Amino acid sequence: MTIEVAGPFAAAAVVLALTTISPRADTIVLPTFDVVATTPLNGGQINVSQSPFAVWQSSAQDAQTFNDTTLTDTLARSAPGVTQGNVSGNDFQPDLSYRGFDATAVTGTPQGLAVYQNGTRINEAFGDVVNWDLIPQIAIDKTTIIAANPIFGLNALGGAVTVTMKNGFTWQGFEADLEGGSFYRAQEQFQYGKQVGNYSVYIAASQINDGSWRVAGASQLTNFYGDVGYKANGFESHLQLTAGNTQFGAAAFTPVQLLQTAGWGSVYTIPQTTFNQMVMLQWNGTYAYSPTVSFQGGAYFRQFNQQHVDGNGTDVTPCDPSIGPFSCLNGSPVHDTHGNIIPDISQGGTLDLAEDDDNQTQSRTVGVSAQVVDTDKIFGRDNNLTVGTSLDYGWTHYTGNSQLGTIQFTGNAYPVTPSPFLIDEPDSFLNPIDVRANNTYLGVYGLDTFNATDRLTLTGGARFNVASINLEGTNDALLSGNSVYFHINPTVGFTYKITPDINFYGGYAMTNRTPTPLELGCASPTDPCIIDNFLSSDPPLKQVVGNTFELGFRGTNAFSQFGLGPQWGKLSWSAGLFRTTLTNDILPVVSTFNGFGFYQNVGTTLRQGAEVAAQWTGDRWSAYANYTYIDAIYLTTFEEPSPNNPLADANGNIPITNGTQIAGIPKNTVKIGVDYAVTPNWHIGADMVAASGQVIFGNENNAVPQVPGYAVFGLHTSYQWNKQVQIYGYAQNIFDQRYYTAGGLVQPGEFMTGPSITNPQSFGPAKPIAIYGGIRVSL
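For the sequence shown, position 620 matches number 620 in the numbering used here, and the numbering has no gaps at all.
Mixed in with the good hints, there may be bad ones.
Stated by the list, open to error - Pairs of lysine to any residue, SDA-like flavour, derived with a Cα cap of 25 Å:
(1) K570 to Y508
(2) K570 to A558
(3) K723 to I672
(4) K570 to I672
(5) K194 to D177
Read the hints as simulated data drawn from the structure, not as lab findings. Only a predicted model underlies this, so the values are computations on that prediction, with no experimental measurement involved.
Could you build the full structure based on these sequences and the hints that come with them?
Put into structure tokens, the structure is as follows:
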């Protein structure tokens, strides 16, 4: 095993990583939170004990203690119900799942979580994807996960993730952080905050260069965040700028036989490269009209550009000699964008043909939101009423093309060598695409939390969603159309204080998500798409509607009430059950055409389970532990195209029946973390994430074994050298476990060169052992 280290400071930091940790004095506290916002605009806050749904929160301090590089690292490490996959094959583009609902940057994945940054919905306009890489971790103040709640709008089927950023009122000082380590990782970041009278300023920037442990997987991330604030006389206003420029070399799934013969870092077809650029300008403000009435508002503009280059196999083959020395599709010659027949570039059939599929997405989104919060008492009892609205409008220009090429094994990958020929077959799924999409989302909501007694709190509300999606294909009439969706989503719930420290909660919520422009443009089984590349025609899809029931207990208990000393601290805990049923669920299915797929409504699906979580903070110790069980199944019967499945029928289909497990969702997840102050300046700690096996995508009939379970461990340490300087280090996957994060099926024997691929199993290999160290300077 070889571990490469970057940066002049890294070698010393890695040594210290074996003996040191965190900057705080007597105790490091994993903070608990007393209040939670009931809407995206962060108004109408209530006590967590009054929420009829599960709530989880994390702070910047928690992320720094465990040296989380990205927000998804924090969520995957410690949040109950959250699992992290890696379909893209890049550590900075993970798939995040909460209770079986996804929020991921992988285009084509059905998105079941709404994600907000400072009150702005950041699910992108075209596919509702979430680009976690464009949220600078260093600038995050607090992250909250709220289980299914319709007030958070579209896509909140499983819940909402709200990210609150720092500002000059909440964070002052200067901090610079330099880090390096395995796989030529080099990271630099800084933050500065200051308050001057009624004004404040905060800026943060970060840059990460990572050489990757996989072939062609290098990443570069540059992020910036700034906030200028003002507050006086009950009024507070903030103007914020977020910008990001990121580049990823992804690898996707790799055939298991290739991983075994060519090495753990080997990949299948390349390139798999993504370039992201984003700029977002936000304003949000609040005004206290009276002691009991306040107004909140927000507005934003977001620009997002993405280019994706995807090397794949192809259905294009050399023509039969009787036709001529040309390239053919289904027995007919293939034409290029100039109308010319593409010649045979396979050197007489001695080289495999392939294609580079290239697409570009340019999106612009604007939006406004406003609400009023009234905390006047009703019948002498405390009450919290919020009424609000939001409007989002997005424009997207999407283009894609396929460039014919050849592919040959190079020892650890199958790179595509493109030719000059762009394929243009109008009557097939291999033709250039140019489509424009407009989507308008309108929401009107109201929510009331009423303390009926000193023990009983009642909650009720609803949100009315309107979504209008328009597609205009400039070179394909099938891609033109308009779809309009309406839905009213109610919610009701209660909490009851059994004791001052323990309460019981329960709730019901209806949520919905509408088909995205991407899904509407790729919904035909006869004209499939490369899911993250091309669009074809747009048969109507129905909106997905979720019904969630939840109940549980939560509490906070100080050990002093049991006769123990204050050094024992306190324990916060929760235990709950949840059940979400989706009707008209939309899922991507594999086409019988090589590498292609389409979207369809598959009927009813169910995600149900249980969560148990605890967090303890003491004088020198702090720890957390949680367990989640998720049973995710289909409640309908249909046939799913899966041509690479060994038990597929003659048409390439497999049966999905009532009770079939949904792929990619482990049933059991356990997370444990601990931090210990050896001295006031030296901290050490460890964490563990374990997950049971999961069904391989396209293998819902269990024709081949599932993705095995795993347990992965990490260590962290820091030493506060003096008041200004901290040295830290951390290690990931310390036992160098070889495990997989997810899996799919590939076509056996697709290429002539390279190892013999007879097993269709294909996996996303997890990152091997990695060690990092750094220095943090605070002024």
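To see whether the hints hold, each was checked on the structure:
In summary, the hint linking K570 to Y508 is not supported, as the alpha carbons are separated by about 31 Å, beyond the 25 Å threshold. Taking the CA atoms of K570 and A558, the gap is near 4 Å; set against the 25 Å cutoff, the hint holds. For the hint linking K723 to I672, the alpha-carbon distance of about 30 Å lies beyond 25 Å, and the restraint is violated. A hinted pair counts as satisfied when its Cα atoms are at most 25 Å apart, and K570 with I672 qualifies at roughly 17 Å.
For the hint pairing K194 with D177, the CA-to-CA distance comes to about 18 Å; that is within 25 Å, so the pair holds.
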